[in-house]
Amino acid sequence: DGGITQSPKYLFRKEGQNVTLSCEQNLNHDAMYWYRQDPGQGLRLIYYSQIVNDFQKGDIAEGYSVSREKKESFPLTVTSAQKNPTAFYLCASRHQGGPTDTQYFGPGTRLTVL
Amino acid sequence: QKEVEQDPGPLSVPEGAIVSLNCTYSNSAFQYFMWYRQYSRKGPELLMYTYSSGNKEDGRFTAQVDKSSKYISLFIRDSQPSDSATYLCASVSGGYQKVTFGTGTKLQVIP
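Residue numbers (our numbering), protein chains in the order written: chain A, 1 to 114; chain B, 1001 to 1111.
Think of the hints as simulated: they come from the structure by calculation, not from any bench. Don't take every hint at face value.
Said to hold, decoys possible - With the C-beta cut set under 7 Å, the calculated list includes, among others, these residues of chain A facing chain B: (1) G42; (2) T86; (3) L90; (4) F105; (5) G106; (6) P107; (7) G108; (8) V113; (9) L114.
Built from N, CA and C at the ideal position, the CB exists for glycine as well.
Please model the entire structure based on the sequences and the hints provided.
Put into structure tokens, the structure is as follows:
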């Protein structure tokens, strides 16, 4: 099956810890994205990558870091510098054949800070 | 002002009703418009995609875009309890720098 997988589904973090969320896609998509979803605020873009070994900050990149060493993988690290990390995190990917290509989302990871 | 505004609801309708979900946008550079459906604790799934002004139909779903008034709508005919979800509208400019999402409207279809 082609698709986007995220793991873990639920993640608990103690304050001061860094945690890494996994995102893998086998759709051969060029671009990958990380969003954060909070109640009443919709989806906010954290980071995105349009090609391997390159990525750009989104609207709320502070306290997060990413890497793109492989086309199919785009892990997100939530660092201790992120003041309010409890949220639902969504990874998405997109083929960049043209402007009409749309984003497809993974199932999400719910991060809770204890 | 957010670039894409969407009434958060919740919206409750009886089964079989016609549902109208709406968004407005302010960025004239937006050219492409999408509707996503998101079930509770799941990732959004693409429902409809439109480019030009006018209507696009897919089964029970119709997406409508009015670029002159910067208004986008999603109509659901013969609504079913399985349609109960949060519906997100989204817009993207021609350069596809990023997708801008509305906050989502929560819909409940009551049997």
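Quick rundown of the hints versus the structure:
1. G42: Holds, about 4 Å.
2. T86: 15 Å, violated
3. L90: 6 Å, holds
4. F105: A:F105 check passes; min Cβ-Cβ to chain B is 4 Å, inside 7 Å.
5. G106: Status holds, d = 5 Å.
6. P107: 5 Å, holds
7. G108: 5 Å, holds
8. V113: It is violated, given that the least Cβ distance between A:V113 and chain B is near 18 Å, above 7 Å.
9. L114: 19 Å, violated
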